[in-house]
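Trainee: Quick mapping for you: the protein sequence lines, in order, are chains A and B. Here the first sequence is numbered in our numbering, starting from 1 and rising by one per residue. Here the second sequence is numbered in our numbering, starting from 427 and rising by one per residue.
Calculated from the structure, these hints are not laboratory results. Be aware that a few hints might be false.
Here are the computed lysine-lysine pairs in the PhoX-like style, where the Cα-Cα straight-line distance is at most 25 Å [stated by the list, open to error]:
#1 K577(B) to K229(A)
#2 K604(B) to K66(A)
#3 K624(B) to K235(A)
In this text the structure is predicted, and so the values were computed from the model without any measurement.
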Amino acid sequence: MKGTKMLLGCAVLAASLAVGYAQAQTTLRMTWYSDGNEGEVMSDLLRRFEEQNKDIKVVLDQVPFKAINENLPVQLAAGQGPDLARVADLGGVARYMLDLRPHLKDAAYFETSFGPFLEWMRLPGDTSSIPGYMTQLTLTGPFVNKTLFEQANVAMPGPKATWEEWAKAAKDVAAKVQAPFPVAIDRSGHRFFSLAITQGAKVFNEKGEPAVVDEGFKKAAQLVFDWHKNGVMSKELWGSVAGTAYRGANDEFKNAQVVVYESGSWQIGQFDKTIGADFDWVAVPTPCGPANCSGMPGGAALVAIKTTQHPKEVARLVEYLASEKVAEEFYERSLFVPGHLGLAKKGLEYKAASPQAKAALKVFSDGVAQLSPVANKLQGYVNNRVIFNAVISRLGQTIAGEATLDEAYKRITADVEQQIAERNKK
Amino acid sequence: MTLTSKPSLTPSSDPAGRRTQPHGAHPILRQAARIIDWPMSWLQRLIGERRMPYVFLLPNLMFFGLFVFVPIGINFIYSVTGGPALFPSERPYVGAGQYAYLFDCASYVDPSSCREDHFWRGVFNTLRFTFFQVIAMVGLSLLTAIVLNMKIRGRGFFRAVYFFPVLLSPVVVALIWKWILQRDGLLNAGIMALDGDKILFLSEPGWAMFWAIFVSVWAHMGFYTLILLAGLQAIPSDIYEAAEMDATPRWRVFWRLTLPLLWPNLIVVIVLALIRAVQTFDEVFVLTGGGPGTSTLMVVQYIYETAFSNQVQNFGLAAAASVVLGIVLFALTLTQLAFTQRKSS
Numbered sequence: 001m002k003g004t005k006m007l008l009g010c011a012v013l014a015a016s017l018a019v020g021y022a023q024a025q026t027t028l029r030m031t032w033y034s035d036g037n038e039g040e041v042m043s044d045l046l047r048r049f050e051e052q053n054k055d056i057k058v059v060l061d062q063v064p065f066k067a068i069n070e071n072l073p074v075q076l077a078a079g080q081g082p083d084l085a086r087v088a089d090l091g092g093v094a095r096y097m098l099d100l101r102p103h104l105k106d107a108a109y110f111e112t113s114f115g116p117f118l119e120w121m122r123l124p125g126d127t128s129s130i131p132g133y134m135t136q137l138t139l140t141g142p143f144v145n146k147t148l149f150e151q152a153n154v155a156m157p158g159p160k161a162t163w164e165e166w167a168k169a170a171k172d173v174a175a176k177v178q179a180p181f182p183v184a185i186d187r188s189g190h191r192f193f194s195l196a197i198t199q200g201a202k203v204f205n206e207k208g209e210p211a212v213v214d215e216g217f218k219k220a221a222q223l224v225f226d227w228h229k230n231g232v233m234s235k236e237l238w239g240s241v242a243g244t245a246y247r248g249a250n251d252e253f254k255n256a257q258v259v260v261y262e263s264g265s266w267q268i269g270q271f272d273k274t275i276g277a278d279f280d281w282v283a284v285p286t287p288c289g290p291a292n293c294s295g296m297p298g299g300a301a302l303v304a305i306k307t308t309q310h311p312k313e314v315a316r317l318v319e320y321l322a323s324e325k326v327a328e329e330f331y332e333r334s335l336f337v338p339g340h341l342g343l344a345k346k347g348l349e350y351k352a353a354s355p356q357a358k359a360a361l362k363v364f365s366d367g368v369a370q371l372s373p374v375a376n377k378l379q380g381y382v383n384n385r386v387i388f389n390a391v392i393s394r395l396g397q398t399i400a401g402e403a404t405l406d407e408a409y410k411r412i413t414a415d416v417e418q419q420i421a422e423r424n425k426k
Numbered sequence: 427m428t429l430t431s432k433p434s435l436t437p438s439s440d441p442a443g444r445r446t447q448p449h450g451a452h453p454i455l456r457q458a459a460r461i462i463d464w465p466m467s468w469l470q471r472l473i474g475e476r477r478m479p480y481v482f483l484l485p486n487l488m489f490f491g492l493f494v495f496v497p498i499g500i501n502f503i504y505s506v507t508g509g510p511a512l513f514p515s516e517r518p519y520v521g522a523g524q525y526a527y528l529f530d531c532a533s534y535v536d537p538s539s540c541r542e543d544h545f546w547r548g549v550f551n552t553l554r555f556t557f558f559q560v561i562a563m564v565g566l567s568l569l570t571a572i573v574l575n576m577k578i579r580g581r582g583f584f585r586a587v588y589f590f591p592v593l594l595s596p597v598v599v600a601l602i603w604k605w606i607l608q609r610d611g612l613l614n615a616g617i618m619a620l621d622g623d624k625i626l627f628l629s630e631p632g633w634a635m636f637w638a639i640f641v642s643v644w645a646h647m648g649f650y651t652l653i654l655l656a657g658l659q660a661i662p663s664d665i666y667e668a669a670e671m672d673a674t675p676r677w678r679v680f681w682r683l684t685l686p687l688l689w690p691n692l693i694v695v696i697v698l699a700l701i702r703a704v705q706t707f708d709e710v711f712v713l714t715g716g717g718p719g720t721s722t723l724m725v726v727q728y729i730y731e732t733a734f735s736n737q738v739q740n741f742g743l744a745a746a747a748s749v750v751l752g753i754v755l756f757a758l759t760l761t762q763l764a765f766t767q768r769k770s771s
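Looking at chain A on its own, in the form it has when it is part of the complex:
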């Protein structure tokens, strides 16, 4: 009987201690998407953070990329968001981001390390807020199936080759090796503009307002249209879905069906893992156009959300993850181009990467220096997805034979105007 009482007493004590501990602990929710293994890496880093900060527990909610772009904004608009989220449409959700400056120990570190990218997260007129940091900087660019070039005995175009030269070479290779996709470009606004900016697209007028359809843009649209007509590109990507839907060709590339694949640096991790020794693939610098050889920058940022009840704890977590050592580990293990200026300058080792992944990362990292100011401006423009969506939707219609290019140009201009006007309604 005495023993039972003691046991009961111990249980009550343990329960009350557990309750007390649980009450003292703050739970933060982080909404996260992954292109490759970065979710696993982040879990590791969070576990370590929790060990060092016993008063904070972080719940990592892993969701598909589509949920980040479509569901999260609605959730945020309803004031129901998480404490932190990893987002790619930085301008689109900028109004829901929390300025962490009052809670950061060293706000200057963020300015020094992420300065140019912080601008992408700010609303027009805001020049100083710090809502988060870049979990990755991405750059568009082509991946090439080198093995197919070798099998076809066709020489790969050199570093300054034009888009047309690459298209011709890819078509020759595909004809010889019976590959169904000579050139594949993701059905994505970022990918299209990596082509358009090399052709001289300016995107904005002198006042800084969108003026999407210009001569450079038309040259790029004509190229995409012609490539679909003459078999350089297959209808299966741009022609297979409607509206604003993204359609990538990573599966086709992994299956050695694509000769040249215009995508982005975030694919390196998964290609390194899934292609392995099946064939040799390389990343090459963005092909050139009459204007330049620029790709399009992009990336994903981990940002704090305004509705959080725990801004101090969120700031502590962001400071930990953005610290040079932790960020370095994250970029290295997930094979991302660093969105941290100091680390980019220093260069990363990417110890876990294969030689071809390392080489690809170097090509993309070098590409950052080639970026045109137009590309940076478009990435930083708060309504850039309005432009991207209008372009892929309307060009998709021309490829399917529903509209002419001229009709598409008019529609793109009208769509952009209408959607921006809708956003400005108050």
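Please arrange chain B on chain A, whose structure you already have, making use of the hints.
Mentor: Showing chain B alone in chain A's frame:
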């Protein structure tokens, strides 16, 4: 006990209208019945017997109102307001602006002449899809039901086979067929084996619409077959025996007996198939994504994309389009009611 005064209101009554007592009921149950009975009797005395049915309807009406009528009302509010804000109080009133934008066309038979051409492309695709899908669905369901109603071997097995796809999620159905229809899918493998050339079934507008209809019919036919089969089995067999004795030709039996007697079930099937076809979204969205171009873009996909996929989530325009769709569906339901009422009277 006032409830016993009208025989129709008692749960069970003898021919004289007196309430029958549950003689075998446990005393606790009898006590519980008394406890429930007294507030009802009190309420009935207070509001009168004629109003009592509404009291019983009230809880369900409140539930229905909360989850059906309130959202319909909110949707309407969205359709007459604009801007990107989510909360109705933060949205500026635009009157019929969203509707005017949707219906701003030089010609209603040419979607490309409309300001919001995607909406009209969705409308025309939905109409085309509905027309062919409903004809195929009803025709094949009827044929299958007639065959399954015959005395054939393995009838139970075949009934199950035709019903299995109904149990699958539309997304699973679409993924299975996508796998079959893609460039390196099963169907192209078969064509290649016969020395044919690969066909891009989901990247050519005509093929994409054909397969959207085919997959939809394949997935849902079993449900309609079941309704028609139940109708066929309810037809008395002596009618057919009489027709057989008169040596009536089979086609005449079908035309003069089966079809008229099956008509109420057919009306239900046609209207249900119509409503479902107009609402089609999931399987076509997964199968073709609305493409190529916008050749399989349905109205519901347009509403979804306008509200959620675009960077500027245009809830007002999407709500206006869904009000238009709601009116069409309401008209279809009224048509069904009119048909079935006329038939029953």
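Trainee: Does each hint hold? Answer for all of them.
Mentor: Right, here's what the structure says about each hint:
1. K577(B) to K229(A): Cα-Cα ~56 Å, so violated.
2. K604(B) to K66(A): 20 Å, holds
3. K624(B) to K235(A): Within the cut-off at roughly 14 Å; holds.
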